[in-house]
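First to last, the protein sequences are chains S and E.
Following this note's numbering, the numbering of the first sequence begins with 1 at its first residue and continues without gaps.
Following this note's numbering, the numbering of the second sequence begins with 1001 at its first residue and continues without gaps.
Don't read these hints as lab results, they were simulated from the structure.
Cut-off 20 Å, straight-line C-alpha distance, at most; resulting in silico cross-link-like pairs (SDA-like, lysine to any residue):
no., chain 1, residue 1, chain 2, residue 2
1, S, K169, E, L1326
2, S, K169, E, G1306
3, S, K320, E, L1139
4, S, K320, E, S1141
5, S, K169, E, W1313
6, S, K169, E, L1327
7, S, K169, E, S1317
8, S, K169, E, W1328
9, S, K320, E, Q1142
10, E, K1347, S, M152
11, S, K320, E, F1136
12, S, K320, E, G1149
13, S, K320, E, P1258
14, S, K169, E, S1321
15, S, K169, E, S1263
16, S, K169, E, R1324
17, S, K169, E, D1323
18, S, K222, S, V210
19, S, K169, E, L1319
20, S, K169, E, Q1296
21, S, K169, E, P1322
22, S, K320, E, E1145
23, S, K169, E, A1304
24, S, K169, E, I1266
25, S, K169, E, Q1300
26, S, K169, E, S1311
27, S, K169, E, E1265
28, S, K169, E, W1325
29, S, K169, E, G1308
30, S, K169, E, L1332
31, S, K169, E, A1307
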Amino acid sequence: MSAPSAQSASPATTGNSDASVAASRPDWLPLLLAPAMALLALPFVGSLPTWVTLTAAGLAMGMIIFIIASGLTLIFGLMDVLNFGHGVFIAAGAYIAVSVLGLLGDWTSASSLGLNIAAIALAAALAMAGTGLLGYVFERMLVRRVYGQHLMQILITMGGMVVGEELIKMIWGPQMIALELPPSLRGALILGEAAIEKYRLLAVVVGLAVFVFLLLVLNRTKLGLLIRAGVQDREMVESLGYRIRRLFVGVFVAGSALAGLGGVMWGLYQQGVVPQMGARVNVLIFIVIIIGGLGSTWGCFLGAMLVGLLANYTGFLLPKVALFSNILLMAAILLWRPRGLYPVTDR
Amino acid sequence: MIARLFSHDLPRNRWLTLLLVLIVAGLALTPFLIPGSKALNVAAKILIFIVLVASYDLLLGYTGIVSFAHTMFFGIGAYGVAIACARLGPTWSSIGIGLVLALLLSLVLSLLIGLFSLRVRAIFYAMITLAVASAFQTLASQLSELTGGEDGLNFKLPELLSPAFQLLEEPILNASIDGRLITYYLVFFSSMLLFLAMLRIVNSPFGRVLQAIRENDFRAEAIGYRTVVFRTLSNVLAALFATLAGALLAIWLRYNGPDASLSFEIMIDILLIVVIGGMGTMYGAVIGTTLFTLAQSYLQDLMALGAGATSNWPWLSALLSPDRWLLWLGVLFVLSVYFFPTGVVGKLRSRKTS
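The shape of chain S in the complex, shown without the other chains (with noise of 0.2 Å):
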């Protein structure tokens, strides 16, 4: 894995030499927050077989939202667009899930792994495809018009993402649904002392694999290349002959999709879809993204297992204080990096 400078701090190349020189270093520090805050925790926690499992279970959260998140700061580090309608596509993946795991009865509730693992990646993957499909129609019906345009474009997503919600209401019914774990990966894996839920592992399995993923197409394909170039200047890569509306429209698309993979493990960790859950998550990932500087994969990241780790830690120290633990965290990082932990471009 290469470090972080190399898709995400790079400095916005102004002719200010000092400061690209200074930028063009690894910037490791922020890496050493994760580590350091799980440090920290263990004297406050006391026994190490249950700070295991925290941060255990801390990962994994913060790998779910990371999934979530990754696609809205794609979405955002290319198209400069914001998308408050994000978490229509959230809602819309753990709806899919919903449908698919119902219809699979006999995968879900056989015993063994494979099946069930199967009926998820079955489950996963049609969500996505719907998502993918949906967030194609979202780009093509109220984003494309609106390019360049911040105050049109919170509007509009803001929009699509109250008629996204009714639409679930109107298929679905405005209930809670529950969505269980099929059998084998219910419970926990007793290591030593420490507890580690199955699904926990899952999903941080899943979420290291998207993240490797992201950043071998980001660094190594010439995909990857012209989204990286296209972050730093759009029109360049225009003038260059790409064709940056096919790419802007794949990347929409390539983000929806996560963002219904991250439904999916979202809904699963749950346990339970509502329709108002692309609204709560919409504002975790909010949370994340800035921490993480917009637009950076690698602060999205580090943002999410932050976040995830941070509402752990103090849901098990500090109850009541882990309602605002991701606040508290935005606002000291800020404090520190005003533009998050690796800013992309002068945006």
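With the hints as your guide, set chain E onto chain S.
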């Protein structure tokens, strides 16, 4: 005289004027024209939301800032009055104390949020306010000792405003002259006054600077206005007016809870109303709120009829179900952002010139 009252910003369209006169006259005479408490409640809600929406218009329409924390200030005002009246007893002075403390809290909070995030771009501000507002909502339901938690607070008002108070023995034009009526007119005149004050603000030189910032902040800065200061001031002003609207809400309902004043649904409603009514027009708040609240209260009955009539086609019936009325408003919202971004009022005004 009239021009002065409206800060030389008259409706400038015959139909718009007619509509406004109808609305204001209707609101002024509701207690005498339409019997029953539902009509009075709807009218009071319209009045309070006119102030709330107009204060949001000051921010969104005139300064071009999207904030999602507006219900937070609305809630602070409502909680201020509610908590003070519940704790200190139903006196005028406790209403005053609650209001002043709420205004101070709103002032400090809006100043902090503004200074913290208005330096950066519009989007950043929108996201941060969303986060702060949701944290505040959690805080309000957690501090249940003070705020009554999810259940909210019921409280009594000074005797003059309490429903049991009878000013005259005989009803006039079928309306009994009781504390409820007095409260209604208190809300009515306060709302009108606050609305005219905001109209004054947006038509002052200060308001012109805000519009300059909305149109081109770079240029406004270059001319020599410190945009951060003006944006923050606009933020603070909008927050204070929203706080006053919240206090009116609490006085009218004699109750406050998270769902009454803090919920995100209200935030969405405000956004819909401002855009459909007309951003940057002030009068849009009046028109938009009236249309929206009437739709909310009466359109649903109509939709229920529609859903019943189309029960042979389940899909159509589901679309017309009264619970889905927000769907149609959402669609209307998106369409109006595209096709008439200045809303109903802008559309009416532009007809005259063309």
